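Following the hints, position chain B against chain A.
Here the protein sequences come in this chain order: A and B.
All residue numbers for the first sequence refer to this note's numbering, where the first residue is 908 and numbers rise by one.
All residue numbers for the second sequence refer to this note's numbering, where the first residue is 21 and numbers rise by one.
These are calculated hints, taken from the structure and not from any lab test.
Being a predicted model, the structure only gives us computed values, none of them experimental.
Positions of the beta carbon are idealized from the N, C-alpha and C atoms, including for glycine.
Treat each hint with caution, since some may be false.
Here are the simulated DSBU-like pairs of lysine-lysine, each with C-alpha atoms no more than 35 Å apart in a straight line [to be verified]: (1) B/219 x A/1363; (2) B/130 x A/1141; (3) B/286 x B/303; (4) B/422 x A/1075; (5) A/1363 x B/130.
Anything over 12 Å on all C-beta distances counts as not near chain A; from chain B, calculated [what the hints assert, rightly or not]: (6) 63; (7) 216; (8) 242; (9) 366; (10) 389.
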Amino acid sequence: MRTLLGLLIVACPLLAQGVEAQPEAAHRLAALAPADAVAFLEMNGITPKVVSVIDSDLGRAVAAHPIVKAIGESPQLGPVRLGLLALKDATDHDLESLTRALGSREMAIGIYPSRTGKKQPDVVFLARVDGPATDRFLKGLPLIVLRRSSEVVPAEGGRPAIRTFREKTFYYRDGDLLVVASHRDLAKHVRDHVGRSVADTAYYQGARTLAGDGRLMFGAVDLATLRAVLPRPKKAKDLGAALFQGTLSERLYGAPFLGIGVDLVESRGQWTLSAEALVPRTESEGPLQASFGGKLEPLPFELPEHTAAVLRMRRDLEAVWSHKDAVIAEAGIPGLVQLETTFTALSGGMNFVEEFLPAFGKELTILATRPVYTALEAPAVQYPHVALIGRMTKVEGMETKLTIAFQTTIGIVNAQRAQQGEKPFLIAPEIYAGQVIQSARYLPPDAMEMSGMEGKGLPVRYNIAPSLAIVGGHLVIASSPELIKRLIDGQGKSGVLGGVNAGLWLDGTETRKLLEANRDALVAQNMISKGHSKAEAEQEVGGLIDLGRFIRRFELSVEEGRRAHGLRFEIVAAAPKE
Amino acid sequence: MHEQLKPQPGRLDRDAAAHLWRRAGFGAPSALVENTMKLSPVEAARLAVRGPKRDVVAEEMESIYAIVRGSGSLDTIRGWLIRRMMSCEHQLREKMGLFWHGHFATSVRKVTDLDWMCRQYRLFLDLGLGRFPVLLDAVTRDPAMIRWLDNETNRKGSPNENFGRELFELFTLGDGNYTEKDIQEAGRAFTGWHILHGKFHFSAGLHDAGEKTVLGTTGNLRGEDVLKLALAQDACGRFLAGKLLRFFVEPAPSAELEAALGAEMKRNGYDVSATLELMFASKAFYAPSARRSLVKSPLEFVVGSTRMLETNVSPKELLGAFGAMGQELLAPPNVKGWPGGRTWINTATWLARINAAHRITREFESQRSGADACRYFGRALLGREPDARAQKAIVQSGVGTKDIVHALLALPESHLN
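If we strip away everything but chain A, and leave its shape as in the complex, we get (with noise of 0.2 Å):
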């Protein structure tokens, strides 16, 4: 059924064509839908869009792209061609043209309990369309499928009538209106206008609320009644998770609906696809929701030169804690305790809960930067400079007992890596701009283990010189000091990435960067894992780094508004400038 169904939504917006594109006609196909419908996607004037992506430089430039041209000459893909040399024989379309004939107005997805008991769900799609062009393409069908004609048989009576494809696809044509279901039933309903549909339901109207008009494409998920069927989310395996994920799968469990939003624009050769997937916000946030929640400050330092990513997420520390036990898996919380001593013992006695986290602030920015080396300096393989900052709300007293803990936990290490032959750090405060910097680094390393590595870069270790410093009221542990003098240089500047509760941004070019410096790193593990010949490595992992090209920026954010939470999704992508 599946094979057969997605023949018909492919080819969907091929019988569509000549017909003009109405954005947001989609939401009348929900006034047919039944109303049972665990989820319905909606999508109004796709194709022009996906017709412009394909004309457009990027488009262009995608497809021309040696990775992109391998993939659709690779022998896995054999059977999608000889499916499209079918959909040639029986539309006169190749994939160009019905492409390019996607002129369709709307089309729609339901999704709906199964109506035989099985755990797979039946599937209800509707679109307008073109009559001629699909009786066209109806008449081929089983060609395409079955290599033989004549598998086509009514199944209902009635007008019109109903017919099915080996009873496992139902479909019919009314006008300009076809409907496919996975089920008969399905497709009676909709023929026959039995009782009330999708749009009369309380999660549609809903979602569509939150999600605005006007979606390139629109998604109602009815929350409610998967909840029965969908297991409750785990608790984070440990304090790391915990922050990361924050409440939202929780949010998620417990909301009565979702509604989801996709757009995708172009603007001055740019085309911005994001996405955003909305709970309502509830009437009264708990104290766990409160503890992860609330909105950013912008970053009060100049992002420095070659950030490749960062990560910002609102948490008062404190709280978290105080409610670790309801966000944490059982296995973790010996973690906590352990990293509670060990805290307390390194610094000298302050106290991990009573004196540090009260002393932390509710925002934590995890920033990575592409490192740019001398190559005399350049270890091998190079990581980017990563740097976790926190605010603090109490800084007097805390320098000293932070350097007291930086040297300690150095000086632990050190007795480590002397038992075990390994080379030590040496501790090496700096002062820059009037600002101490508490660092360690490795001493260079000697003759007889750079010896067959000459030219080649120097040991991993390298990427890490353990540093520590307060920079503006921020707590800042980086790998390097170098990332520290650029905060420094940077504090007090115009603030950025706020106004969201968390985030995480890419950027396509300092990343592509950063590949580019460890190609050969990665050309290595190419030749390793996929026992690729080098000329054939070099060939797999520069293309891949050359496709980065047309990422311009990536965006993920959990976002809180007065009246819905949500997730936000962005990418930019453009033809890269030669």
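Showing chain B alone in chain A's frame:
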């Protein structure tokens, strides 16, 4: 010359050619097996030992060695070594690397310095087919070995006997061919053999320059002298020959055969390649009782299966499986290395082998199917078609070629070498 060391007459048949490549490598693709069938055992042994004129894959793997070394990743280094075993054309070089790694068993768990471990394995690859005395001398001065056997603490007035003990027991002579006194005195000879800045360093001030008696010779012996004395013993040739025979030929070679090959080895100056050429052409090597008499190590099973099936699996994906099967590269269980033989197989490791077989076949693709696939891949893996009963059971149990190949890999014969 011992009758069993004389060359096997005639030309190799398929089973013999497959046998040679499973032992003198990790197994061969069908084309190489077929090409070898045209050769005499002497010619085939020469080809296996000397390798191709140019091993392009090995050259390419060498070109990324610095990056692998600099990665600081144990998984990457292990992956690099396993990929070499899977792909390098001079298979015996890789096999001897593994042999010497087991012989001079050193573990990263104690040494802790990955770079040192990397450099030690390089010795096995670079010197493994040369003269044993050269390799022995290099290993004795190798930082990883010095750390592994605690020679850093071996100093005048407070000797550490570890190195001397393992030198005699595990590296050169074997049990019963030395005394406790020899060990103590050899320990003194190696005092001051230390490490400085990641390389061998002779600390003259910590060396015991007094008179010592080792293996019947008295004098102001230094470490180099002890190595020469050990190599001069007949027991050394016999011990090394026994190890080579048990690794490459049969699990329990006769004492006469060990002595005869040992004598040849000593006579040729411990030339490993010459000894192996002799061994791989011998009647003993091709004796029916020798075929499939060894249990494949996990590396032999996995690497060999991918080579014989001409399929590809990422070594890194199998690293966990090697742990479960009992063979982690750069981390042998103790100074004696992997005991091998029947100890490779128990209820836990067998299950791990079947799971590894599943991983090998997970993405396996072939145009062949049914009985044809069973026969073809049976020949590739076993050197001959499975018997009729096994064929019937395999074809009936398998719904696709992947299942058939998986069932072939689960046959006991697939785990025998």
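Checked hints:
With a CA separation close to 20 Å, the supplied pair residue 219 of chain B and residue 1363 of chain A stays within the 35 Å bound. Distance hint between residue 130 of chain B and residue 1141 of chain A is unfulfilled; the C-alpha atoms sit about 39 Å from each other, more than 35 Å. Distance check on the hinted pair: residue 286 of chain B and residue 303 of chain B sit about 21 Å apart at the alpha-carbon level, within 35 Å; holds. A C-alpha spacing of about 30 Å is found between residue 422 of chain B and residue 1075 of chain A, which places the hinted pair at or below 35 Å, so the restraint holds.
Note on residue 1363 of chain A and residue 130 of chain B: the hinted pairing holds, with a Cα-Cα distance of about 28 Å set against a maximum of 35 Å. The beta carbon of residue 63 of chain B sits about 29 Å from the closest Cβ of chain A, which is more than 12 Å, so the claim that it is off the interface holds. Look at residue 216 of chain B: its CB is around 9 Å from the nearest CB on chain A, not clear of 12 Å, so calling it non-interface is violated. At roughly 22 Å, the least C-beta separation between residue 242 of chain B and chain A is larger than 12 Å, which holds for a residue marked as non-interface.
Even its closest Cβ contact with chain A, about 30 Å, leaves residue 366 of chain B beyond 12 Å, as expected for a residue assigned away from the interface. Every C-beta of chain A lies more than 12 Å from that of residue 389 of chain B, the closest at about 17 Å, which supports listing it as non-interface.
Consistency with the previously given hints fails for numbers 2, 7, ordered from lowest to highest.
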